[in-house]
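Make the full structure from the sequences, and use the hints.
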Amino acid sequence: MTTSGPALDPVAVGGGLIQGQFSDGIYSFKGIPYAAPIEGINRWLAPKPPAILADTFDATQFGPSAPQNVPSVPGWLMPKAGAAMMDMLGGMTEPGPDCLSLNVWTPTEPSVSDEKRPVIFFIHGGGLASGGSSPPSADGGALAKRGNVVVVSVNYRLGGIGFLAADGLLTTTSVSAIAGSWMSSRRCSGFGTTSSHSAAIRTT
Numbered sequence: 000m001t002t003s004g005p006a007l008d009p010v011a012v013g014g015g016l017i018q019g020q021f022s023d024g025i026y027s028f029k030g031i032p033y034a035a036p037i038e039g040i041n042r043w044l045a046p047k048p049p050a051i052l053a054d055t056f057d058a059t060q061f062g063p064s065a066p067q068n069v070p071s072v073p074g075w076l077m078p079k080a081g082a083a084m085m086d087m088l089g090g091m092t093e094p095g096p097d098c099l100s101l102n103v104w105t106p107t108e109p110s111v112s113d114e115k116r117p118v119i120f121f122i123h124g125g126g127l128a129s130g131g132s133s134p135p136s137a138d139g140g141a142l143a144k145r146g147n148v149v150v151v152s153v154n155y156r157l158g159g160i161g162f163l164a165a166d167g168l169l170t171t172t173s174v175s176a177i178a179g180s181w182m183s184s185r186r187c188s189g190f191g192t193t194s195s196h197s198a199a200i201r202t203t
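With numbering that gives the first Met the number 0, letter number 83 in the sequence shown gets 82, and the count goes up by one each step, no holes.
Calculated from the structure, these hints are not laboratory results. Keep in mind that the hints are not guaranteed to be accurate.
[What the hints assert, rightly or not] Simulated DEER-style distance windows between Cβ atoms:
| id | residue 1 | residue 2 | range |
| --- | --- | --- | --- |
| 1 | PRO94 | ALA53 | 38 to 48 Å |
| 2 | ASP54 | ALA165 | 34 to 44 Å |
| 3 | LYS115 | ALA164 | 11 to 21 Å |
[Stated by the list, open to error] No farther apart than 25 Å at their CA atoms in a straight line, the calculated lysine to any residue pairs in the SDA-like style are these:
| id | residue 1 | residue 2 |
| --- | --- | --- |
| 4 | LYS115 | LEU16 |
| 5 | LYS144 | LEU16 |
| 6 | LYS115 | ASN147 |
| 7 | LYS144 | GLY124 |
| 8 | LYS47 | ILE122 |
| 9 | LYS144 | GLU114 |
| 10 | LYS144 | GLY90 |
| 11 | LYS47 | PRO66 |
| 12 | LYS115 | GLY24 |
| 13 | LYS47 | GLY124 |
| 14 | LYS144 | ALA11 |
| 15 | LYS47 | LYS144 |
| 16 | LYS47 | GLY24 |
The C-beta atom is built at its ideal place from N, Cα and C for all residues, glycine as well.
Right, dumping it as structure tokens:
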């Protein structure tokens, strides 16, 4: 798990400048909006581009998690499943409409290095109904450091606002509609990445 560290020089990505931090040999950028908030009619529409950043964006804190119903664990199952669930949900940020954000971990400072690395795009589990990218179990710092890769984790719409079985919704609100576009865009390339050697990982 990475911890807080000193701020870095801002990194230029599509839409503005973002400022992350350095700790434990890893540069991290958290809570970066990849789409507009899911307020009002946007809750049921395809993701819209985020607003252009007028000021340098503070990317040192995780963004809100997606609105969700946190599952309960029956008492008889707690000894076996309780620890696993707490590991998955512990450290979750508060939910909010501006939940469509992602986090980036990279072993080199993007503003001073031209080296390109593969991207591992991590999509958290939770049965499409719960979870988030802020718990320790989703921290990408160790993997980025050991594998010499760029790790990206993402929050996405959950439950009824992300996977409601209604005509026209599954193709517009699911994370699959936006994950590929981020990995292949100029936004991601600002962190020293190459889309030709990248992979996505999804847990259940």
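Earlier hints that do not hold, by number: 1, 3, 15, 16
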